[in-house]
Amino acid sequence: MIDILTVSLLGALLSLDRTAVLQSMIARPIVTAPLIGLLLGDVYTGIVIGAALELLWISLLPLGAYIPPDENLAAVLTTSCTIIGMRSINVELHNAFIVLNILFFIPFAYFGRTVDKYVRIINNRLSNIAERECDNFNFTKVEAMNIAGMLVFYALNFITIFILLSMTVNITPAIYNVLPVFFTDGLEIAYPVFLIVGAAAALWGNKTKNSFITFTVSFLLFSIILELL
Amino acid sequence: MVVIVKKKMSLLLLMRVLVRSLFIQSGWNFKKMQNLGFAFSIIPALKRIYGDKSEELQAAVKRHLIFYNSHPYLSAPILGATISLEEEYKLTGAGMENINIFKNSMMGICGGVGDTFFWGVARPVAGLLGVILALTAYNIYAPVACLVLYNIVHLTFRAATFFSSYKNGTAVTKTIMKINLRTQTQRLKKLEIVLLGALLALIKNKFVICNFDVVTYNFIAILLFILIFFILYFLINKNISPALIVYIAVTAVILISYIYNSSLA
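Protein sequence lines, in the order shown, are assigned to chains P and Y.
Take the numbering used here: the last position of the first sequence gets the number 229, and nothing is skipped along the way.
Take the numbering used here: the last position of the second sequence gets the number 265, and nothing is skipped along the way.
Incorrect hints may appear among the rest.
Label-pair restraints from in silico Cβ distances [what the hints assert, rightly or not]:
#: 1; chain 1: Y; residue 1: Gly112; chain 2: P; residue 2: Lys209; range: 17 to 25 Å
#: 2; chain 1: P; residue 1: Ile147; chain 2: Y; residue 2: Thr183; range: 33 to 41 Å
#: 3; chain 1: P; residue 1: Pro180; chain 2: Y; residue 2: Asn180; range: 50 to 58 Å
#: 4; chain 1: Y; residue 1: Leu227; chain 2: P; residue 2: Lys209; range: 18 to 26 Å
#: 5; chain 1: Y; residue 1: Ile248; chain 2: P; residue 2: Pro180; range: 19 to 27 Å
Straight-line alpha carbon distances no greater than 25 Å define the calculated SDA-like cross-link-like pairs of lysine to any residue that follow [said to hold, decoys possible]:
#: 6; chain 1: Y; residue 1: Lys206; chain 2: P; residue 2: Val217
#: 7; chain 1: Y; residue 1: Lys47; chain 2: P; residue 2: Arg132
#: 8; chain 1: Y; residue 1: Lys31; chain 2: P; residue 2: Tyr154
#: 9; chain 1: Y; residue 1: Lys190; chain 2: P; residue 2: Glu188
#: 10; chain 1: P; residue 1: Lys207; chain 2: Y; residue 2: Ile248
#: 11; chain 1: Y; residue 1: Lys47; chain 2: P; residue 2: Asn136
#: 12; chain 1: Y; residue 1: Lys190; chain 2: P; residue 2: Leu220
#: 13; chain 1: P; residue 1: Lys117; chain 2: Y; residue 2: Ile66
#: 14; chain 1: P; residue 1: Lys117; chain 2: P; residue 2: Asn136
#: 15; chain 1: P; residue 1: Lys207; chain 2: Y; residue 2: Ile240
#: 16; chain 1: Y; residue 1: Lys206; chain 2: Y; residue 2: Ala252
#: 17; chain 1: Y; residue 1: Lys53; chain 2: Y; residue 2: Arg16
#: 18; chain 1: P; residue 1: Lys141; chain 2: Y; residue 2: Tyr141
No wet-lab data here; the hints were simulated from the structure.
Built from N, CA and C at the ideal position, the CB exists for glycine as well.
In isolation and in its complexed conformation, chain P is listed as follows:
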């Protein structure tokens, strides 16, 4: 479908922000998922999915040569499959379908990490070419190698999203249709799990001396404030 093509084009572009250009949080789920949602006509689903995925891997820092799980790929695949899926079947429990998709696509983030690794391995060749061209006084080619690296990032991410999307877009609606009632009821109320685990992961990543106390006090304070509002 045409949607798969446009999602792949935009998704690969957004994934450039993850490593190749800027790194300005455009490639984070909280921004990518709503943008994909905007492309497909349903921003709110995108925001719901983005908020769920945002904090899960936030403490896995890209230090040195370490590549964290590709949250951008997971966000793009989840959002597009959810919105496309909701067009094809009749979904009564909105959140349940969203949760099902998020659960289905979380493992793909780990696959995305492998794709990223292959891009970087391909870029080794570009580095070799650049050094050769420098010896030949072709400095424009040296500069071009950097841009070529960006194009490799784009191309591989485009192919990955396109192929994965084509393969998986019909799976989650089919699964949803055969789920028993208690299952979908459970999924419906399970959405906060992502947020709570994400908050726990963020707190664990940045614990300081009195962090638990500060956290508890803040939690109780805000609970009271929200109660009074």
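Fit chain Y to the supplied structure of chain P, relying on the hints for placement.
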């Protein structure tokens, strides 16, 4: 902008280098990491210093195609200071080794400090603000707020450190790096923990709907809090990935739903 007499860089040229530094990781490779990006960024400046096609230019470009890996944002101050050093080398004819010694020594410091501040606290705080907004009535602004707040810090940092380190050379770069970011990191960490408390309170407020009286409601709130503690404990002690914990928790919720539904039937 300041144009000091002995320096050859115009504002326009410096802006070109700064914009190019946004692509510092475009050619990231395992062999020499950010070398392509660094060379790509600094070549306009080198051409201005050494001319368009000379042996000196070739030596300079070769100098900057060696291994380079640091935090992407902190490529800005390192680039600024390196351009300044290259100008000095052209002017005085001495100090060529200093250029790479400087780069190598700054790589480690800048990487560590940048990683802790930007990836460690700034990004989580911005993401956290986005998630918090997504739970309120203003959820449409969540991605916008997150992007704007983060990038005001990010882009100002890059521009300010770049021009400052070009003007002041190597010495000031080191002090700027050490002093500013460490204190900001501590402050932001505290803010993050407070925001996490707010997030949990919002989650409780939005998703836990009780028809009970206030006491039971607060009891559930404490239960939620204990749940987080439990998850934290798991994460810390057993090094289980948050993704796996999500699956376990959702399974638990579905189990509860099963028990509830079969008790109804």
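| request: Please work out if Lys190 (chain Y) and Leu220 (chain P) have their alpha carbons no farther apart than 25 Å. | output: holds, 16 Å
| Given hint Ile248 (chain Y) paired with Lys207 (chain P) - CA-CA distance at most 25 Å | Roughly 23 Å separates the two Cα atoms, so the pair holds.
| task | State, for the Cβ atoms of Ile147 (chain P) and Thr183 (chain Y), whether the hinted interval 33 to 41 Å holds or is violated. | result | Roughly 38 Å apart at Cβ, these two residues keep to the hinted range, so it holds.
| request: Would you check the hint for Lys206 (chain Y) and Val217 (chain P), treating anything up to 25 Å between C-alpha atoms as holding? | output: Status holds; Cα separation ~19 Å.
| query | Leu227 (chain Y) and Lys209 (chain P), beta-carbon distance inside 18 to 26 Å? | reply | With Cβ atoms ~23 Å apart, the hint holds.
| Between Lys207 (chain P) and Ile240 (chain Y), does the CA-CA distance stay at or below 25 Å? | OK: Lys207 (chain P) and Ile240 (chain Y) at ~17 Å, within 25 Å.
| query | Holds or violated: Lys47 (chain Y) with Arg132 (chain P), Cα cutoff 25 Å? | reply | Satisfied, since the Cα-Cα distance of roughly 19 Å is no more than 25 Å.
| query | Hey, Lys53 (chain Y) versus Arg16 (chain Y), does the alpha-carbon distance stay inside 25 Å? | reply | holds, 19 Å
| field | Satisfaction of hint between Glu188 (chain P) and Lys190 (chain Y), Cα-Cα up to 25 Å | value | Status violated; Cα separation ~33 Å.
| query | Is the hinted range of 17 to 25 Å satisfied by the C-beta distance from Gly112 (chain Y) to Lys209 (chain P)? | reply | holds, 21 Å
| Is the Cα-Cα distance between Lys206 (chain Y) and Ala252 (chain Y) 25 Å or less? | Cα-Cα ~21 Å, so holds.
| query | Hey, Lys117 (chain P) versus Asn136 (chain P), does the alpha-carbon distance stay inside 25 Å? | reply | Roughly 30 Å between the alpha carbons, so the hint for Lys117 (chain P) and Asn136 (chain P) is violated.
When each numbered hint is compared with the structure, violations occur for hints 9, 14 and 18.
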